[in-house]
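J.: Residue numbers (our numbering), protein chains in the order written: chain L, 18 to 299; chain H, 4 to 360; chain X, 5 to 361.
These aren't lab readings, by the way, just hints derived from the structure by calculation. Zero decoy hints are in this set.
No farther apart than 27 Å at their CA atoms in a straight line, the calculated lysine-lysine pairs in the DSSO-like style are these:
hint : chain 1 : residue 1 : chain 2 : residue 2
1    : H       : Lys178    : X       : Lys328
2    : H       : Lys316    : H       : Lys341
3    : H       : Lys178    : H       : Lys191
4    : L       : Lys211    : X       : Lys156
5    : L       : Lys211    : X       : Lys104
6    : X       : Lys96     : L       : Lys211
7    : L       : Lys211    : X       : Lys107
8    : H       : Lys341    : X       : Lys181
9    : H       : Lys6      : H       : Lys73
10   : X       : Lys181    : H       : Lys316
Here the structure is a predicted model, which is why all the values come from computation and not from measurement.
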Amino acid sequence: MPKLYTFIKYFCVILWSCFVIAPFLWAISTSFKDFNSVTGGATYIPWLQFEPTLDGWSVLFKPGSQGGINIIGPYFNSIFVTFTASFISIALGTLSAYALSRYTFKAGFVQNNDITFFFISQRIMPPVVLAIPFFLFLSTLGLLDSLAGLILVYIVLLMPIAVWIMVDFFNRVPKEIDETALIDGCNPFQAFFKVVLPNSIPGMIVAGLFCIIFGWIDFFFAFILTFTNVQLLPVKIVALNSSITPWWSLSAAALVSVAPLIVVAFVVERFLSKGNLSGALK
Amino acid sequence: MAKIELNNIAHSYNPHDANPLFALKEMSLSWADGGRYALLGPSGCGKTTMLNIMSGLVTPSHGRVMFDQKDVTHTITEERNIAQVFQFPVIYGTMSVYENLAFPLKCRHFADDQIDKKVKEVAEILNLQDFLKNRAKGLTADQKQLISLGRGLVREDVAAILMDEPLTVIDPDLKFRLRRKLKEINAKYKTTLIYVTHDQNEAMTFADNIIVMDEGEVVQAGSPKDLFERPQTTFVGYFIGSPAMNLYECQADNTNQVSLGMNTISVQTNLDQKNTSNLKLGIRSEYITVEQSSGPNTIHADVIEVEDFGNYKLITAQQDSLRIKAKVKREQVVPTDKVFLKFPAEHCCIYANNKLI
Amino acid sequence: MSLNLGNIIFKPTEQYHLNDITLNFEPGKMYTILGRTLSGKTTLLKTIAGLLSPDSGYIQFEGKDFLAIPVWQRNVAMVYQQFINYPHLNVKQNIEFPLKQRKMDPNLIEKEVSDAIQKVGLKGFEERKIQELSGGQQQRVALARSLAKKAKILLLDEPLVNLDYKLREGLREEFKKLFIGSEASQSIFVYASTDPLEAMQLNGDIIVIDEGKILQTGSAKDVFENPANAKVAEITNDPAMNLNKGKIDNNKLILNNEIQFNLPSNLQSMPSGDYLVGIRATDLYLDDQGFDFQVDISEISGSETFLHLHHQDIKCVATIEGVKSYEVDEHVKINFDLSKIYLFKESGELHYSPYQN
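So here's chain L without its partners, still in its complex pose:
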């Protein structure tokens, strides 16, 4: 009886792993195929079943004049915009979350919880609703089709996530720790930076991870708010689409675009395994 149970348990785990890994393997193999190998039925093993080629990859780096899309510029744009916006969102979000957690705000019937909800409410609306106001704002400011404009918009989109996660985090940190810091001679700012902040790193990392993921995968706003000067990776990749879908280049582009997330996930995982996230605060 226990043997069968163990068997079923491992069977399920392996099944799930295949489910997760298979698309990756499929994308990797597809990225080395060409038109004939993709349309000629399912093949799996390179050299044996199909002749691998770098065509799919080279398109990504060739300039437009040679029929490519040259993603290097957009790639760095995307990295720059995502990380800058995430960083600023975490910085501002942590500060506002701390205030929302520790101080009481009241304006008529509006209280702390309402303010927190107000932040997150922006993420409840369909992006389309926000597109026109954002477009008009940026055009008024002369920031359409610029990195600064995109960063500004992304901060608006990402900060609610940071605030939401951090408010919850700070609510779990005993208020008495801040009070002890005050009693021990810190003014409120010192108390925040010397005591509260070092203990909030786990929360900030979780919030940062969410910000980076949400920022990185955005296509919609990047598409609406940029034209030719500044292009982000998702928008550029869409440019690959033509009458015949180039599955091989799309696969290569997909792999290239998840790379930074994998790096971030790896770093966070290392941090997690050191036990930094758990147990810092009881």
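Got chain L; can you put chains H and X on it based on the hints?
T.: Just chains H and X, lined up with the frame of chain L:
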């Protein structure tokens, strides 16, 4: 309901290593049906491991668990008919009190009229009959804890109810009510109740049988009175009672007399030859009396401090390296410099290698 | 050098948290604020520390307006009942934090920190992380941080309440030694507690607080012997003083129209009339000639047994020395030590105390 027996139970988390580390050292215990037990010990003494072995969450690496002579060592928790109450009340907040209590019976497909009868009966015992229609969420902490308990009581097949520090989150005022209720339930239903705690007062107030554990071993099992008056080990003497038992190293002079520093104390213990190494004398503070003059079993000591606790006085006195704490009535006049303290022979316990002779 | 609070009122909601508090604290003395949970003890300490601003009233320290000085510039230290330390710092860094904040000379910091670590018995733990310590050790760290600061005002908010029974017993004694008779004895110590025994043992001035109001101040002995009113008598005794309605009539003391005594000699001069009759649990004793009472529950506390009893409408608690077991609803014979009877007026004010004059 059932008699629970643990036969030569031991548990190690690494049983296959050359030197396995035992969280629970080998022991045999039997829990009579309908008893009121407490498992008492400091954190890390193995009491939670023991509890988990009984509930089936942990399979012991050695020995057998028997419920009414039936071997259940490898039976999973769900099939053991054990009910558990945890530190934090476990209630289904969205359900009414009635539904909460009926839940274990519903899951076992009892007929509706049977459920109704049983739930109402249990609710009455728990004083919850007026709240049956209320949402469980809105109740006080002690009422919620009663519901957790009630879910065990509605099932007639429950072998025992295991409670792990059930009063920790309950207000002091409500604790009183809950304690009384627990005793009444035990008296009425004759359900075996096993109460796990690190608090000696909780254990002694609740149980008529206490199993004291330390470092993975059962050091004493007995009534609260036994534990207090005749601690089987020096650990129990320290752990039970406040202040802790006075303990002194001593040498055996003859069969019923020991020397304690420069004093000779006669005791009622029979000290034969084999028990003469590493001897300790233990006496509770409340049995030491203040005398006017020297006499047998009396120690002349310097008064270090007299603390007035209102209801009683605690004298701290010292003779060389002997530090004596004596608890006396508030009216007792205590000299400020030197005092004669008598150790009545009948209250002196002698320990060899920390075990009572 | 003294700390003066005048007419402090703090009323954040409908209820008073602090109601017209006027107190004087002298350096080198120990003050115990005794009151039940939510009586305003913590609020009072936080107000002194500067974490809360009162609605009105003044606080003066060393002749200066203390309310005008922000928390971080007041030279105070505070230990909470929760174990509050800086989780990202190790033991040593935790203790030196306030000193570094004050930009003290590093050599001096080194010395003060190692002194403090020595005093609280944490030598060898300097590099440990806070999470690796037990509750008792964590509280020692918090204590060491307060000691190292050499603050002029030291506030302790029930620092032992969350510790295990045995640990509490040991630490309480250490506390007393640490604060009294140390070089820091020019500071003002304010210790908040719910436990009358703790207050008696610390043996300083007692401030009894209830619902944000000061009920009585005075030496431990005085407050214990002559409680200003019935409420104080309840708060300053554990178990609370037994209070029952009664009257003196025709040379008889009658409790609740049910139990009659011949008026003892010490009460002969009392005028007839209705009173609230108080007697401590320790002044009730088992006596075959006594009155018949029924046991509600017996509770064990340390080395004593608290018997919760009733006789028709009279409810009382009796303390029995030693550990005894009683069943719920068991009948016992109880008598009263009439020489220890207190009389309170119907309004609650003390009318007669056996310790008067």
